[in-house]
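Asker: As a plain string of letters, each chain reads:
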Amino acid sequence: MNLVRSELLKIRTTSTWWWLALGAFLSIALAFAINAWLAVTTLGGDAEEIGVSAEQATAPAQAANLYTSGQYLGLMFVMLIGILMVTNEFFHQTATTTFLTTPRRTSVIVSKLVAASLLGFMFWLATTLIDLAAGAIFLSANDYGTQLGEWPVQRALLFNLLAYAIWTILGVGIGTLITNQLGAVITAAVLYLIGTQVVGLLFLLLSNVLDSQAVLKWQVIWPAVASQVMITEGTSEFTPSWWVGALVLIGYALVSGIAGVLLTRRRDIA
Amino acid sequence: MTDGQRSPTNDGQIVVSGLTKQYKNVRAVNNLSFTVAPGRVTGFLGPNGAGKTTTLRMLLNLVTPTAGTATISGQRYADLATPLRQVGAVLEASSAHKGRTGINHLRVICAAAGLPKQRADEALALVGLTPAAKRKFKGYSLGMKQRLGIAAAMLGDPRVLILDEPANGLDPEGIRWMRGFLKNLAHEGRTVLVSSHLLSEMQLLADDVVIIAAGQLVRQGPVDQVLGSMAQGARVRVRTPQAEVLAAALKAQSATIETDEQGVLLVGGVDAPTIGRSALAAGVELHELTTERPDLERVFLELTAGKAGIR
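If you read the sequences in order, they're chains A and B.
Per the working numbering, the very first residue in the first sequence carries number 1; after that it's consecutive.
Per the working numbering, the very first residue in the second sequence carries number 1; after that it's consecutive.
Calculated directly from the structure, the hints in this document are not laboratory data.
One or more of the hints may lead you astray.
[Said to hold, decoys possible] Pairs of lysine to any residue residues, derived as SDA-like cross-links and limited to a Cα-Cα distance of at most 25 Å, are as follows:
1) LYS24/B x ARG267/A
2) LYS251/B x VAL270/B
3) LYS145/B x THR14/A
[Claimed, not checked] Simulated restraints, written as ranges between beta carbons of each label pair:
4) SER107/A x ALA125/B: 28 to 38 Å
5) ARG155/A x THR66/B: 50 to 60 Å
6) LEU201/A x SER141/B: 47 to 57 Å
No residue lacks a Cβ here, since even glycine has one placed at the ideal position from N, Cα and C.
Model the full structure from these sequences, guided by the hints.
Answerer: Shown next, in the form of structure tokens:
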């Protein structure tokens, strides 16, 4: 518990989190504007024109989308915080002090994982409160009602929380794998932003080669896709059930957490 | 005790035993054993690259030894229940987040170690850094960084202090402060182990020395004894107007004699009293009779000759 407190204090006493929070806030604003436009268009009956399926063109589905605005970049920002929690220790050579204070390295990494998920929770809370306020006003103003009583909406909000916690944990795992600060941040950001498109293309290619649409569902093995699948209502030819996405993400969090602990236990701190 | 495990004590003694670290191509530390006693300042000396830092990092569980053990008060560092309350370490000057203030750096450590928050203020005051408490680390001078490192080490009021090259980059005033500070800690009965390649500094500070070169122990003991062991081979400088007469008398006692300048003999193999007696017996007038005291610097260079440098 002391260790988690110490980890949270580490984050609070530098300005990094503040910049990432600002970035997350801007991405909420941007995403909300886009999602609002999407909601008006699809619910106004033009869903077909912009390629949104009928299943997605319901008021609850669009409300869920609106209430999770900013998730795409927000998840990247919490992942970056997770990465920085580890790489900062090496970049600023504080790993020595940290491990002198707590020679039990497993405890250090576990406390980082706990602090990371708490931080993920804080980011989710802030994002969701903003989205709820703005979304409820927007939907009511357009006569759709707040839709907050709908299960798909509630489910999206809850699983979004899971996503924030897991992505921060994933960041900690990546940080222990790549301790070079710049290397870890760039690798993770590129994989997150561009990797998803590349994976999408690869699977499209693969489905053509194999002449099978079912292959596309396997995109879910990519964490960013899994995250999207988890909070999306309903299935289609291209997306598996939400729980598949959830399992994949939890799997990644477990693997990176365990790998982080094992690597850190063995590493010489020089 | 039967299985070779030491029972934990709180005597503050450091015991290094058979410590070895093999890196890919280099044996950085090779079967190194020594002990460090409480209540004294022990200088850990060696040329750059001798393995001092690696040894200290193995002692502190930061680097895993290939073989051997290192214990503090009879326990491995990793097994200490409250490490910061027992051992304080200052390893490198730049070990704080550049964007964090000095006081927050200490508070983070206090939180992790379960120490009360006000220990951070007390430790800062102890090293005279209170005025810079709320300044960010990147604005600290090298001397201030070194002081912050010491403040961090003192947070838990530990019995044992371990410092790696604390004098590096300090101005003369800072070095003087550090010397007084460490001597005072040893005087309070704490164990103080200080690594350095600055030998002149150690001669002023240390009670004991452990000298290593190329990862191996060269000499260990009280400063006086290490110096004294070298003094046995030291020569005596004699100034006399009758150099030839005295030289002949001394050669009869199988002394080795060199002449330095006109009227000066450098005599080896016999001590100063013997030379004095010979001179008296031969009726030779003496103007100077001095045993050349080897300083630690020379001893060190002789002891580590040929082993220093890049490996």
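Asker: Now, for every hint given, state plainly whether the structure supports it.
Answerer: Comparing the hints with the structure gives:
no.	hint	result
1	LYS24/B x ARG267/A	15 Å, holds
2	LYS251/B x VAL270/B	10 Å, holds
3	LYS145/B x THR14/A	18 Å, holds
4	SER107/A x ALA125/B: 28 to 38 Å	30 Å, holds
5	ARG155/A x THR66/B: 50 to 60 Å	54 Å, holds
6	LEU201/A x SER141/B: 47 to 57 Å	54 Å, holds
When the structure is compared with the earlier hints, no violation turns up for any of them.
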